[in-house]
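*Asks:* Taken in sequence, the protein lines are chains H and P. Heads up: take any position in the first sequence, counting from 1, add 1463, and you land on the working numbering. Heads up: take any position in the second sequence, counting from 1, add 1463, and you land on the working numbering.
Think of the hints as simulated: they come from the structure by calculation, not from any bench. All of these numbers come straight from a predicted model, not from anything done at the bench. Hints may contain errors.
The list makes no distinction among identical chains, and a pair is therefore deemed to hold if it is satisfied within one copy or across any two copies.
Calculated cross-link-like contacts (lysine-lysine; reagent style DSS-like; alpha-carbon spacing at most 27 Å) [said to hold, decoys possible]: (1) 1486 / 1746; (2) 1796 / 1471; (3) 1796 / 1730; (4) 1553 / 1697; (5) 1817 / 1756; (6) 1796 / 1746; (7) 1539 / 1566; (8) 1539 / 1796; (9) 1607 / 1553; (10) 1746 / 1697; (11) 1553 / 1796; (12) 1746 / 1730; (13) 1756 / 1730; (14) 1796 / 1817; (15) 1817 / 1730; (16) 1746 / 1485; (17) 1514 / 1788.
Chain by chain, the residues run as shown.
Number of protein chains: 2
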Amino acid sequence: MSIVNSDKWGTAFVLSNGVLHKKDSKTSHGLIRGSNRFNIRAVIDSHSAGKDAGEVVDGINRGIPVYDNLDDAIEKRGKPDYCIIGVATKGGILPDELLEVIKNFLVRGISVVNGLHYYLSDQPELVELANTHGAGLIDVRRPKAFRDLHFWSEDIYQVHCPIIAVLGMDCAMGKRTATLLLQEALEKAGLRTEVIYTGQTGWMQGIKYGFILDSTLNDFVSGELSHAIITAYKAEKPDLILLEGQSSLRNPSGPCGAEYLVSGNAKKVILIHQPSREHFDYKTTWGRIPSVKNEMELINLYGSEVIGLMLNTEGLTDTESQTYKETYTRSLKIPVVLTMEDGLENFVQSLLNKINEN
Amino acid sequence: MSIVNSDKWGTAFVLSNGVLHKKDSKTSHGLIRGSNRFNIRAVIDSHSAGKDAGEVVDGINRGIPVYDNLDDAIEKRGKPDYCIIGVATKGGILPDELLEVIKNFLVRGISVVNGLHYYLSDQPELVELANTHGAGLIDVRRPKAFRDLHFWSEDIYQVHCPIIAVLGMDCAMGKRTATLLLQEALEKAGLRTEVIYTGQTGWMQGIKYGFILDSTLNDFVSGELSHAIITAYKAEKPDLILLEGQSSLRNPSGPCGAEYLVSGNAKKVILIHQPSREHFDYKTTWGRIPSVKNEMELINLYGSEVIGLMLNTEGLTDTESQTYKETYTRSLKIPVVLTMEDGLENFVQSLLNKINEN
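Assemble the whole structure, with the sequences as input and the hints as a guide.
*Replies:* Written as structure tokens, this is what we have:
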């Protein structure tokens, strides 16, 4: 996966704390799939030690070995500039065991990159340790100060290239990965494509323009989004802008999406769906995920149009996947693709035809 | 206006800085209409000095005199415990002139209540002044610390009384005032009614349960909302809960509303509309406000139902207001009321009939 327009920082290890093989290690998976901000040299994960991290994630060897512990990793790969916490923790707090691991990095002068809502630089003990050993504490999700935040601006209407939001039918269906694969395919088709990141992993992967939506004060979400789009448009003059979606329009734990459509002026939407998932966050008590058709109607009411559907085939056989693809293509009359199985080349051509129709 | 379940703090002056007679003085207007947190003793406003504040706001004398300056106000009404900044400033920052006024309060030992995104307690000079003179600095909009925030909980589905969201077709159409008037009318009809505030003025008015939506990190908006509802339900066992809306579902400067419907589980909605307003925030470039019918369809797609429409008649003649009321009643087939002109008694009865139908 290639990421266009990145800020480069240095070498890094990813700490995935024994859960690299599980789904909740989204940040680790993103970094292993590709980061231009950090040169990922190793993963530390006791459960998958000895394997290649890429093979653990999706079966593709990426030359990123997994080690049981930091000492093993340093011995084989040298001391990195950074260590990135690649796991989400329950309730966003830091378990004691992870705290000890972090201290272990700091005493070796390795800076720690943290994407949790729990801020390391608020902990006097860690700050002192970092200062003593010349390491940094980077809390990616720490909210910006008021002076650095933007209110929404109608200058968004001066962005004269298509703005496409990549939205999901639920959380964790692969929106970010799909967005970056789309960018790659669009670039291959000759279109200069900017991605606006909206989560901490996007920033860690080195995407240049964006903001972290969930740690932004609500009053400034629309402003930060429009500011990122306007800035990217003016600086890069892209042919097309993709917005990384967050959550989903109707997930009860935190709906999101209206901001992209009305404040980000995304008149086109690509939807991500996982047909095997019936309930929000897999929980029957959270309610059924609506149909794709119903989601398209909702998006229409916001003044935007769904131009393509990307399917995550988790939990489906090949035959089932093909059946879903054919059924959706026929009933929704939009391009449909199996994100990981099909190449995106034809899909991207269909999207471009659809965009040029209007 | 009576506010049920309030936290009482003390006496206060409201500083409206020469704009009490204008619409942008929403916080001042709310406090003058009614506050149980503060006993409002006077308003400081050079433009309206000599008048009664209630008469300036809506023609109703409330025994709250307006003075030109702090010294006059103290001479006539005694020194208050608090002074509340009752104006919004451009971009949320504090003009130098207002800073001098605030210092003038602090040296007299009067605590300052501030609802701007600009935090007084971040200014060393003000903190020192406050400490020296035994005054407090209360930054209402300062975001809560992570440890005090809540993630969304499905316990919201254990709230077994109707939850009704009061949503607007645009910002500043009188949602908060309508919500409090509804509460008053519902209480009169014998229903114990809790309001969940979602803005700084609601807190200043003394509403007991709620949070300040626009200064909450996006990840916690759904959680803080559901937590406030669940807490109010458990503690007060009300017959009905009203949620104060913010912004509107499709205002491009910051859409809001989906959270109320899916995370707050508000299956019923009362819409506030001002028929004379054609464009969002009165700006043609921001786009047309959709029709009420279209808004009802959008709300339906979120799984909720509009059960009543309250009209703000600003800019309309009496005849026009009546015509709108009749037209909406006929075409939408829901109860419609002129919020400030009609009494809410009949409207509330119609709402209750509609709720009991289901």
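*Asks:* Each hint should be assessed against the structure and marked as holding or not.
*Replies:* Checked hints:
no., hint, verdict
1, 1486 / 1746, "within (16 Å within a copy, 46 Å between copies)"
2, 1796 / 1471, "neither (41 Å within a copy, 60 Å between copies)"
3, 1796 / 1730, "within (18 Å within a copy, 32 Å between copies)"
4, 1553 / 1697, "between (40 Å within a copy, 26 Å between copies)"
5, 1817 / 1756, "within (18 Å within a copy, 30 Å between copies)"
6, 1796 / 1746, "neither (30 Å within a copy, 36 Å between copies)"
7, 1539 / 1566, "within (21 Å within a copy, 62 Å between copies)"
8, 1539 / 1796, "neither (53 Å within a copy, 73 Å between copies)"
9, 1607 / 1553, "both (24 Å within a copy, 20 Å between copies)"
10, 1746 / 1697, "between (43 Å within a copy, 24 Å between copies)"
11, 1553 / 1796, "neither (41 Å within a copy, 47 Å between copies)"
12, 1746 / 1730, "between (31 Å within a copy, 20 Å between copies)"
13, 1756 / 1730, "both (17 Å within a copy, 22 Å between copies)"
14, 1796 / 1817, "within (11 Å within a copy, 39 Å between copies)"
15, 1817 / 1730, "within (13 Å within a copy, 37 Å between copies)"
16, 1746 / 1485, "within (18 Å within a copy, 49 Å between copies)"
17, 1514 / 1788, "neither (34 Å within a copy, 70 Å between copies)"
The earlier numbered hints that this structure contradicts are 2, 6, 8, 11, 17.
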